[in-house]
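Novice: Go by the hints and put chain B onto chain A.
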Amino acid sequence: MYIELHACSAFSFLKGASLPEDLIEACANLNMPAMALLDRDGVYGSPRFHMAAKKAKIKAHIGAEITCQAFSPQSAVEGCLCGEFRLPLLAASRLGYQNLCRLITRMKLRAAKGEGTAQEEDLDEYAGGLICLTGGDDGPFAHALAHGGMDQARLRTEQLAGIFGRNNVYVELQRHFHREQEARNRAAIEISRSLRLPLLATNGVSYASPRDRELCDVFTALRHHRTLTTAGRLLARNSERHVKSPKEMRELFADLPEAIANTMELSSRLKFTLKDLGYEFPKYPVPQGETMMSFLRERTREGFQQRYGRAEAELQDRARRQIERELKLIEKLELAGYFLIVWDLIRFARDENILVQGRGSAANSAVCYSLGITAVDPVRMDLLFERFLSEERGEWPDIDLDLPSGDQRERVIQYLYRRYGERGAAMTANVITYRSRMAGREMGKALGFDPETLEKVSAAVSNWEYRDANDAFDRRFRDAGLDLNHPRLRKYFELCVAVQDLPRHLGQHSGGMVICQGQLDSVVPLEPASMPGRVVVQWDKEDCADLGIIKVDLLGLGMMAVLEESLHLIRHHYREDVSLAHLPADDPSVYSTLQKADTIGMFQIESRAQMSCLPRLRPKKFYDIVVQVAIIRPGPIVGQMVNPYLQRRQGREQVSYPHPSLQPVLERTLGVPLFQEQLLRIAMVAANFSGGEAEELRRAMGFKRSQARMKEIEARLRQGMQQNGLSQEAQEQIILSITSFALYGFPESHAASFALIAYASAYLKCHYLAAFTAALLNNQPMGFYHPSTIVKDAQRHGLKVRPIAVMQSEWNCTLEAALPSPFALRLGLRYARGLREEAGQALVRQRQLAPFVSIRDLVHRVPELRKDELHTLAEIGALNSGSSFEFPVSSEKQKQLPRFARNDNEVNDPHPLTTSHSKNLKLHRRDALWQVERAVRRSGPLLDALPEPDSQSPLRPMNQEERLVADFRGTGLTVGPHPMAYHRARMNAIGIRMASELRGIPNGKYLRVGGCVIARQRPGTAKGFVFLSLEDETGVANAIIAPDLFQKNRLLLSSEQFLMVEGILQNQDNVISVKAARVAPLSITHAPTESHDFH
Amino acid sequence: MSYACIFVPDFPVEAILRAEPELRSRPLAVLEGKAPLEKVFAANASAIRAGVSAGMTRPQVEACPNLILRTRSSLREAAAHAALLDCAQSFSPGVEDTRCDTLVLDLDGLQSLFGPLPKIARALARRACDLGLETHVAVASNPDAAVLVARGFSGATVIDPGKEAEILGRLPVEVLLGSAENEDSAPLSETFHRWGIRDLRELAALPDVALSERLGETGIHLQKLARGAVSRALVPVEPPLVFEEAVELEYPVMLLEPLAFLLDRLLQQICARLNARSLATQELRLELELVNGYAEEIATDNGRTPLTRPCRAQTRQVFRRILRLPVPLLDARTFLKLLQLDLKAHPPGAPIVKIHLAAEPAKSRAAQSGLFVPASPEPEKLELTLARIAGIVGEDKVGSLELLDTHRPEGFRMMRFGCGEREGKSSRAGTRSGNSKIEDLSARLKSCPSPSLPFPPCVTQHCSEDLVTALRIFRPPVGITVTVHEGKPTMIACTKRREIHGEILWTAGPWRSTGDWWEQTGWAREEWDVAVQAETNIVLYRLVRDLLRGDWFVEGSYD
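Protein sequence lines correspond, in order, to chains A and B.
Counted from 1, the first sequence has number 567 at position 567 by this note's numbering; the numbering is strictly sequential.
Counted from 1, the second sequence has number 208 at position 208 by this note's numbering; the numbering is strictly sequential.
Looking at chain A on its own, in the form it has when it is part of the complex (with noise of 0.2 Å):
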């Protein structure tokens, strides 16, 4: 029997190229009974490669190669051995596990990330339990023979054997066929006989089959910034580094059966498996006199008191039960020093003021709501707390923190680093895996195609979620212009099939972090992330919940930023304290809003499709909003739940249940399952499962689904709900339900926890519109909507909003004071294209100083501002004499300036610059691009002095159509007109309806409509229709295109900017959209405007 012993894993990152679970396949096919994983400086693999090995029934021992600085202890006599090379290790026992991940991380943390060396004292440290080989081609022994020969090579061996233990090193030999391999073989015999160290065959795999290699090579080419052809004889010799059988092995090594025995003793010896991880739960520091858990019960009561002090007597006691059950579980778990970690966290954002909310399935824990960690009451809502946690899973909480994005999120993180020390705290890594666009550039980078061609076979790879039978590959390669059928364009759609999902590189993830009480290098490696002051370890999220290691996610919402800066605006200008707990809840204005689906920037309800739903599910209460949330979801759109639910809602189907029993499971959505949660309960009544099974049935359906695994599961539930009765048609549905939720559904609790931050962000936009805006616009890209169309719903909605002013603009939307309204939205100067946040700072601290009394006094006054800057500023108007340049200074104030704010000339002139201001003139786009333009040129000291004012030039005012072009060009929206307003005599005039008409024309009337395309969707539950939404003056209108029509008019639907519709008008329980028979494009301007397409 053969063991192989030295593999290493696309993990490895450009060097190997199959997955773990593909070379634990090629093992478990040639009935290899164990196998170990040496990634390069890492174990990055090792948990998918212990969890694959796991369920072949195949020992998986985990190791890594580590780069090694050479060393040499006669380096000072005998010149030193310069370069690196790569140390096998294997982890024998824990102790040797941890040794090495305590390795890793020492030589990783003080390198730049991607970098870093082992020198021999940190190998000397780290030696314990852990068993070295000489390695292969880029190994200590074939390093030493090539750089100094036998001697060295004798050498570098008795080190080895010096630092790790004479039993614990193996002299490796490898077969692929070489005939300089076979040279350094018979030296590696001799020095092994000389030493009496034992002889190990492995084959150094790097791939798991013979036609991998071709991936390997390409590897090879782009770790070496090389093409295929260039990369010469760094490329692979041949393709024998795959698994072999152990048939092969011994073959290869007939004269040598003693390397081939050793691989099983060697075997034998390694007893650490990633089961035996040692992590232990982090503890929480808890008063003298304390435990853990006595310290959670006290801050349990707490929160019970703030929760439920003034609740009904029967909810109070049925929590009270709740939090007891939960309690006892989580004493039994010893899980209360998570609790208490998170509670912790919790506790600092609400001191620093710093808006969190806990969703997922922590929402169903009736602790975590009483220690403040989620909103949404769960004994009120009857949520079911084994989604949360169970005995039987074997897995643990975890629990997800929503923060605003950005700082404050950064702010919480830090604080994590600090309380818990480097090593104690760590995200989880973001495994970026090769998906098609990524696939496709480095691919062809490989194959040596220009920049050019790279660009256009990478965007053939289009983006659509829905792919039908003409998205194939081909005709994507030919409608980007490309002959699939030329051979190397062939070899390179073969390449960018087989790289898909493998790994490229280690990114950080955006909000987990795993925590461990200080110890968290002797668990996993640790290594520096690109981002200054953070650590990241070689696990990602799912790796890290496999081997049960509890992470927290620190979720940045890009709404929570929005709702903190809302209430900032609201108490800064509105002068009222608004806190998101108390807000009204039933607020009759919110309800009407969403009722008319006028959502528009509002969180998760304002997609098309949610949009389409609103009018027809009518939300009256908070808890249709949960339903809303969660029912435009795939799970309900596959498992065909929407249409049901929403026809018993509306009276026009009876409430029925699948059997009598599930009525108090499915009572409250009208009979059909909407969230997991129910299905969780339908599997405990219908087919008699426990709380943990039924977690466990779900997670089987889940992501990692595997055939087997769900039949078994499958089988049981069938089962169960024979017995208990249900009938056939009622099973087909549960299971069906089941299998579509399990994927793609909400969870009640993380819904009701989105359904809280919906109401918010409704009620904020209902009442403080020009707040919500801002804060909206300042927090962008987030949401559906692009920046033009949320400017354009405010302003219906009667906000006025101001265009970008170097004279009053922030770097940040602000508000103004305005009449009639309150307050005028003025933009901010982050929304002029290509300014630069630095430039545009620096152009508000110096106008804090004192205005801009001419374009050439802010040229000079801010440096920092580039030419193509100050064109853009000049283009869409910043800099226009009308709103900016027309405050006189006056003399008090010049006095008042610091001298550097003035110029040499300003102080001995009496009547400084004051020249344009007197006459006020008015200077429109071009007059100040011409201004802007004299302004740059550097006239030399002398004349750079002199003060020039502000003059009308020879050039023409900007007609409609280009300053239309400028603002879409310079912003990317426009605060005038809609473009379509500009045109709609014309529009009238051959019969283009406005959005707002629509309401009023009845059902199945033939019209057309139409607009700037600001969303194009092919929902991949939609079966090839496209949706497009087209935004006029007045509205949006809606257009279903079929699959037929949008074959004919594919380019025309992608690309048009504007589009008319012509078709048949459905209007269905207030949804309305145009059903296109026809579609023609517009000619309505030249400026730049943008779609949300494809989502």
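These aren't lab readings, by the way, just hints derived from the structure by calculation.
Don't take each hint at face value.
[Claimed, not checked] The calculated SDA-like cross-link candidates involving lysine to any residue, where the alpha carbons are at most 25 Å apart (straight line), are:
(1) 1048/A with 59/B
(2) 445/A with 59/B
(3) 59/A with 112/A
(4) 34/B with 494/A
Specialist: Then chain B, alone, in the frame of chain A:
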């Protein structure tokens, strides 16, 4: 002063149409680039109407019905340009070759010869049309105004003096920015666009000083151009320096010796003329007119480009040879010897009645030997020696090896042997690069056969460090028949070389290598080192198996 400009719109298309006039009425697109990534470079009006635009790829335009596709041809463009020059020079001696598609003629004094200016303009257009080119012709009082008008207006346009600004004013500003001398002023296009300047009239109307403050000298120059007020002298095309000599013979020459005598005389004359202008030559073109219809055409190229194969062309009676030299030389005796050697290797094959010899002028070589630079042979002598060797072994077998960075065995190419490295660049750099090549070569040779390799892996063989096993490569490899048992060769036999025959006593290997899988020329091979029992002794061979075809070869034998 009057100047005419001839402008050929869509020049690459016109160059094709000139050669294939039957395509003029059909949509035509000219492609540029290498397959499969060719893109449209230019298209005629009917192709543009059909939706073709520059930058589209071949598969994209192939969908366009009736569209004719042609590859851009530099030869045709050069010919079209030459024709255009001929056309212009047939009217005026003062012709400026402004761009490949634009020529300017000085018309001063031509009215008495050709008639009034409109007539000359029309005649120019007609003459160009006769040569197969559709052109715009404009006549103005200064060259730049003529160029702008020709670019902007079709047909023949004559501008009366003083009317330049008025006529030019109608042209869009892009015409000005797209003209030859303003190629670098692309950023100005953006500025004018921002300012809303659409035509030359608007540009001309801007105040001079203010414009100068904003756009500097360039702006003022452009404004003057827009006003048609730039006055400059033409830069006429200089007639090319031609060094050609020819002799017609009363009696056909049949032997090389009398031909050499004649060639010597011609070479002396050419060298004297070159010498008079302090020039040398790097290329000699010999044309021999033959008596009968037999001709052979071949290019002698000692450089990197591959040699073209000799071809027989029964219809032509001219025998041509081109002698390209590594450095400019001016030595009639060397030239003669080189020509003699070349003709000896490539005889014309028929009696000669006319000799035409031309030399491409080049600047003389200026070289100074360095004190520490090793002496190298004179380029002249080296060239002669190489030519002699090439005459014996064949031209493609002379040069120096350059190893290719590949695992493919025999991965090398022949480079022209020369001492250029030592001449031009610093000697140190040259030596270093030479050394690195030598190191690379020796490293690779070292890594090839190992002394212990002929022995099977199971035999422990201690070889002393200084034992060297040499491999004698058979070129070409010898095809053999191999008997294989359990994946190992056991017996070999060769029909061509009977001594390669016998039972295999032991083997080492296989040594496998595969590569270039992304090319159509992918390869895969397996090497075995075998010991064969010959009649009297044991012989060690290297066997090679082509894994793609399955053929076996003996690649060499070990000493």
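Novice: Now look at each hint and say whether the structure bears it out.
Specialist: Going down the list of hints, with the structure as the test:
{"no.": "1", "hint": "1048/A with 59/B", "result": "holds, 19 Å"}
{"no.": "2", "hint": "445/A with 59/B", "result": "holds, 22 Å"}
{"no.": "3", "hint": "59/A with 112/A", "result": "violated, 34 Å"}
{"no.": "4", "hint": "34/B with 494/A", "result": "holds, 22 Å"}
The structure is inconsistent with hint 3 alone, although it conforms to all the rest.
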